[in-house]
Every structure is written in structure tokens, then in C-alpha cells.
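*Asks:* If you read the sequences in order, they're chains H and X.
Each residue of the first sequence is one higher than the one before, counting from 74 in this note's numbering.
Each residue of the second sequence is one higher than the one before, counting from 54 in this note's numbering.
Read the hints as simulated data drawn from the structure, not as lab findings.
Incorrect hints may appear among the rest.
Stated by the list, open to error - Taking lysine-lysine pairs in the DSS-like style, the calculated list, with each CA pair at most 27 Å apart, reads: (1) H:K136 - H:K146; (2) X:K197 - H:K245; (3) X:K229 - H:K286; (4) H:K425 - H:K364; (5) H:K328 - H:K136; (6) H:K343 - X:K229; (7) H:K169 - H:K398; (8) H:K159 - H:K148; (9) H:K368 - H:K343; (10) H:K425 - H:K398; (11) H:K343 - H:K364; (12) X:K229 - H:K328; (13) H:K461 - H:K398; (14) H:K398 - H:K136; (15) X:K206 - H:K328.
As the list claims (entries may be wrong) - Derived coverage of chain H by chain X (criterion: at least 3 residues anywhere in the stretch with Cβ under 8 Å from a Cβ of chain X; other residues may be distant): (16) 102-114; (17) 125-139; (18) 184-198; (19) 285-291; (20) 323-330.
To be verified - So the derived label-pair ranges between C-beta atoms look like this: (21) H:A422 - X:T174: 50 to 58 Å; (22) H:P102 - X:V148: 47 to 55 Å; (23) X:R183 - H:D174: 20 to 28 Å; (24) H:A411 - X:G155: 36 to 44 Å.
Glycine included, each C-beta is placed from N, C-alpha and C at the ideal position.
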Amino acid sequence: MSRKPLVAVLALVLLGALVLAGCRPAAEPVIKIGINAELTGDIPKVGEGTKFAAELWLEDINKAGGLEVGGKKYKVVLAIEDNESKAESAAAAQTKLITQDEVLVIVGPQASKQAIPAGEVANNLKTPMISPWSTNPRTTENRPWVFRACFLDPFQGPVIANFVTQEFGFTKAAVLYDIASDYPKGLAEFFKQAWEQLHGPGSVVAFESFTTKDRDFSAQLTKIIASGAEFLFTPQYYDEVPLIVRQARQLGFTKPIVGSDSWGSAELVKLAGRDVVGLFFTTHYAAAGAKGKTKEFIDRYNAKYGYVPDDVGALTWDAMLIVQKAIQDCGQITGDLAKDRQCVRDAMARIKDFEGITGKMTFNEQGDPVKSAVIVRINEQGEFEFYKSVSPTGQ
Amino acid sequence: MTFFLQQVVNALQWGSFYALIALGYSMVYSVLMLFNFAHGDIFMVGAYMGFFVATGLVTLGAAGVLALPSWLILALTILMAMFLTSLVGMLVERVGYRPLRGAPRASAALTGLMIGIILQTGNLALLGARRQTFPGLIDVTSYKVAGVIVSNKALIIITLSILLTLALHQFVRRTKWGMAMRAMAYDFAVVPLMGVSINTIALLTFGLGSALAAVAGIFFGMAYPVLEPYMGLLVGWKAFVAAILGGRGSVLGAGLAGFLLGFIEIFVAAVFPSTLRDVIAYSIILVILTFRPYGFFGEPYSAQLRL
């Protein structure tokens, strides 16, 4: 056999590499912002909302002729990477954005499963990152370079426990959650803790789990029904909730099912149909009945993309504006990436009373904002309707 | 007791999917001695075929063009998806496996994996990452018998799965085609010399297996109505376990092993913390294989095979 083809292929590859290496762009006054999003995999709607909100923001910047920093206008470029809704891909995408694309700051990933490992990368490589939607404490814990735009699960857990106790007067809870994913696992535990504080040990009568990609929950649901629980709390994502609710109903579970902010996707009602009407969940903002800046964002998003943005879209919008403010507060872009990244991080940590469309935010020393949660009811039209607001101070 | 019986119903329904998919794995493995790792993804293709046919028929009905009763829509969906998916299965055989007939086994196994990836990502490229909702073809009614809740959907799934397994068993035992398949399983090299075309039998095997996977896909869509491109991955692997557990050359064995797998998974989750489900379930299967290395009904290759 001749070796020639192999040699030819190798030569081509080398040539290609040389050509590519030759076209590194010359230094222009450009600000690069990385977006690390769940565009494919288990929760593609989350990635879509991220991308759409970020592009809507970029539209505003472009209309203004660029981002003004210290009296000079810079062109803004988004580097969007798909993390396939996987933890390992999220870390890889983060590394690529930081080292290869050389972005100034990163927005995303959204889900805690991806945001926790990606946060580790950003912190180690000293690049500021803000996750709009990740509510697990570990995302920002002891990571000075990592921020978020939403409330945390240690806050969300008690909010749900208190709400159910006051609204329904129940004392026996059941939980069904995905043990292989950081967000549901963390929140399930925070909820259990809060519930048992209210109603004593053993008041969570069923604490059942499954693993990502499971589609059949009949064994767990049969156990939950047999346990005599008065309601079911399931902090799962929009592609699992319809299956859980439907299977529970078909097995004869007629009691309320309560969710968390992971339910708030535009896709939920499409997949679950009438099964979820009348159910409650906690979230970051309520689209139905919104006012002011929030309504303005919703209308623009709806006009452009054809559906009402979910909480991911709204939080991403806020995160983009926080990033914008941090860059502008920083005052100048020197072109020295390490220095600029440090400057943006420091400016972000200083942000106070930021008026976002999902509420007012001030970052604490962990990089977490102190803000309110909203309880939403899914109404007859399948809209997420405002029911109640819970502030972090004075429950 | 009610709790136990309810879990039996749950296990029968869950086992149905493993059984139907395992049949296809088992047939290909028996007749051609290769692992068609793309079979889980054929199951996914079947679910999507069913989705397209069903959505099409429901839309036609809603538009008032062709109003059909729901049982007829379901029957048509199953038949058309079986036909379309068997075409895909035969295409996989023709394009992926036939050119590699004389190649080492490892290459053929690799083909399966690659075709699987092509089917998954092809779906992703064509339809995007959006989840699809399988239309609710029949109105679900739940019956309560002695405290146990059984839906009409579960009844359809369980009965048809058992009937199809038995029908395939009869096909393989009683028809001329079935005899050719059994002969091929018995001796791969000599049978072609007797004038039986290996290519025809291979196509038949893939076509039949894919048609059954399509039924599994539709049932899966009815029971768990969120469809995604990677839905066949995990279910496919587990059905593969069932096929091996059933024993090479045994249709009934594969079907039974599928149901057994369903029972083990459901009852482990029912008794132990559900977190440990797969750890315990697959340890049990490892132990079974240690004692029955040829599966339940399989025998060493030199012996008589009873497909």
C-alpha cells in the first residue's frame, strides 16, 4: 500500500493550520462578550432564551453605535458557545471562550449543573462571569470572579415551604427530584430542611429520586401515593415536569403539585398542556401583568421572536445590563486583557441598587444579589400569572 | 398488597418497551452474529415517524378534511410508522452493514455506533433541539381494579407487546422465512450455499426488528409524550442487555428478559431508595450472567439453536 495519500493529507492539514494561524485578527477596539448557553441537549429552550435576550441587548448597543466606555465607543461582539446542557461541555466551552476567543467577560451558563463547573474554570482563569439563572449556592461560593443575577436555593426552599403551609395548611410533603443534577438535588434538600423545620422531623413523608434522562417515574410515584403525602414538590426542568405530572395523574394522584423556578419555561405549557393548569411555582418574574421596563422588554422580545420570554430571557437581559454597567463603570479598556478583566470584576462587585427588570439587585460579598421571589400560578390560558411576591427580608 | 400489584402493572408497562426493542437486537444478533448498536436510535426514529403520522392525521381531522375515529388513527399510525421505520432499518442494513459483511466484527459494531450517532445528530440538524409532544391519540381512562389503577393506554401497551412477541415467535418457528432465519443462525457459512440469499434474510431481519422498534417508539411516545433525539440511547442499551440476557437465538427469551428487566428496575426502585436503582438492578443482571453466561435460553454456539 502506498503511503502517499496519508502524506498528502498531513501536508494539507499542516497547510491549513498555517493559513489559519496567519489570519489572527489585528487589534481593533472591540469588546468581546462570551455567552455560554444550553443551546442543545436536555433544555434547549433555556439556551434559546439566553441567545435571544443577548442578541436583543446587542441590537440596542449597535443602534447606539457601540458601547461607550470612558468617552470612547467600542464595537461589541458576542461569542456564543453551546454547552450541550452537559457539565463537562460547559467547562470546555468556558475554557475556549476565555483562552481562545479571549472574551472580556462571560454570561452563562444558566443551569447549576453547567454553571458550577464553568464557574470553577472562570474563577481559576480570572475571568468575570455572571450566571443569570443558576440558583445553587456552589456556583459563586468562594469564587470572587463569579456572579449571578438571581436569588439562591437556600432562599427559594423556605419560600416554597412557607407558601404551601400558609396557602394550603398541609403538613405532609413528598419530593421527587433528579439526584444526578446539581440544581434539583440542592433545592430538594433545602426544601426538605425548611419543611422539617416547620413541621418537625419526618414530615417529608416521601423523598424520592431518579436520574437524568429517566422517563418512567411510576415506581417512585406509587411510593409517593402510598406515603399519604398531601402534595408533591418537584424541582425539575420543563422537559421532565410534563411527564411527572401526567404520570402522577394517571396513577390517581389528584393532590397539588408544586414547582420551582426551573418550571418557568415558555415550553412547559406547550409540552404539558392542560395538565399543569392551576399549579403553582416560585420564579424570578411574572410575565402576565408586568409593568414598566419589564413590560417593554417582554413586548420587544415577543414582537421579535414570537413568544413571551421566560425567566431565563428576563434574567439574561438583566445580566447583560449588569455586564454593560460593570464595563462602563470600569472607565477604560486598556487592551491588556488580564487588567481589563480585573477592572470589570471589581466594578461588578461594586454595583449597588441595580434596577433590573426582575427586581432590584445589590451584590453581597459572595457575588449573589439580594432580591425577591415571585410565586406564579399557571392560569386557564396557560400563562404564568403573578400570585404573590416574597422578599428576602420579613417573609 | 395493592402497592405490590400497582408496581406489577408499572413493571409490565416499563418492561414492554425493553421487550419490543430487545426482539430486534436479538434477531440481528442471532441471524447475523452482530450487535446492531443503532437499534436504540431506530427506536427513536420509530417514535418520530409515529409522531409525524399521528400529528398529520390529527391535523387533517381537525381541519375537517379526513375525520377518523381515534382508534383508527392509532392503528394507522402504528402500521404506517412500522412500514416507514422498517424501510429505514433496511436502509441501515444495505448501506451500513452489507458492505462490511466480510469485515472484522469490530468494524461492524463500530458501524452501528456511527449510524446511531448519525441518526441522533441528523434528527437534531433536521428538527432542532426542540422537544416534540406526542399527540394524545386516545382519551385516557383509568380503571380501578381492587385498588390498582390501570389506564386503557397501559392495557393496550402491555397486551400488544406480549402479542407481538408471541407473533414473532410463531413467525420464526412456522414460516419458511423464519426457517431460513433459523438456519442462518445455525450456520452462517453453509446456508448461502443452499440457495438462501443472505442479503434477503438480512434485510428481512432488519426490517422486522425495526418495525417492532417503531411500535415500541409509538407506545413510548404515548406513555411519555416528550420526544427528543437522544431518547433511544439509554433505553437502547438496556434493551441490548435484555437481548443478551434472553440468550442468542431465542425470540421468547429476549421478550421475557425485557419484561424481567422492567420488573427488576421497578421493584428495586420500589423497595430501595430510588437512587440505587440502576446500581442494584444491573448488579443483579451481572450475577445472572455469571451463572447463565449464554443467557436464559441460549446455548453454546455449536449446539442446536432454537430461534
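*Asks:* Hint by hint, note whether the structure agrees.
*Replies:* Okay, the hints, checked on the actual structure:
{"no.": "1", "hint": "H:K136 - H:K146", "in the structure": "holds (12 Å)"}
{"no.": "2", "hint": "X:K197 - H:K245", "in the structure": "holds (25 Å)"}
{"no.": "3", "hint": "X:K229 - H:K286", "in the structure": "violated (41 Å)"}
{"no.": "4", "hint": "H:K425 - H:K364", "in the structure": "holds (22 Å)"}
{"no.": "5", "hint": "H:K328 - H:K136", "in the structure": "violated (51 Å)"}
{"no.": "6", "hint": "H:K343 - X:K229", "in the structure": "violated (49 Å)"}
{"no.": "7", "hint": "H:K169 - H:K398", "in the structure": "holds (25 Å)"}
{"no.": "8", "hint": "H:K159 - H:K148", "in the structure": "violated (31 Å)"}
{"no.": "9", "hint": "H:K368 - H:K343", "in the structure": "holds (22 Å)"}
{"no.": "10", "hint": "H:K425 - H:K398", "in the structure": "holds (11 Å)"}
{"no.": "11", "hint": "H:K343 - H:K364", "in the structure": "holds (25 Å)"}
{"no.": "12", "hint": "X:K229 - H:K328", "in the structure": "violated (56 Å)"}
{"no.": "13", "hint": "H:K461 - H:K398", "in the structure": "violated (30 Å)"}
{"no.": "14", "hint": "H:K398 - H:K136", "in the structure": "holds (17 Å)"}
{"no.": "15", "hint": "X:K206 - H:K328", "in the structure": "holds (22 Å)"}
{"no.": "16", "hint": "102-114", "in the structure": "holds (count 3)"}
{"no.": "17", "hint": "125-139", "in the structure": "violated (count 0)"}
{"no.": "18", "hint": "184-198", "in the structure": "violated (count 0)"}
{"no.": "19", "hint": "285-291", "in the structure": "holds (count 4)"}
{"no.": "20", "hint": "323-330", "in the structure": "holds (count 3)"}
{"no.": "21", "hint": "H:A422 - X:T174: 50 to 58 Å", "in the structure": "violated (41 Å)"}
{"no.": "22", "hint": "H:P102 - X:V148: 47 to 55 Å", "in the structure": "holds (52 Å)"}
{"no.": "23", "hint": "X:R183 - H:D174: 20 to 28 Å", "in the structure": "holds (27 Å)"}
{"no.": "24", "hint": "H:A411 - X:G155: 36 to 44 Å", "in the structure": "violated (59 Å)"}
Hints 3, 5, 6, 8, 12, 13, 17, 18, 21, 24 from the list above are not met by this structure, while the remaining hints are.
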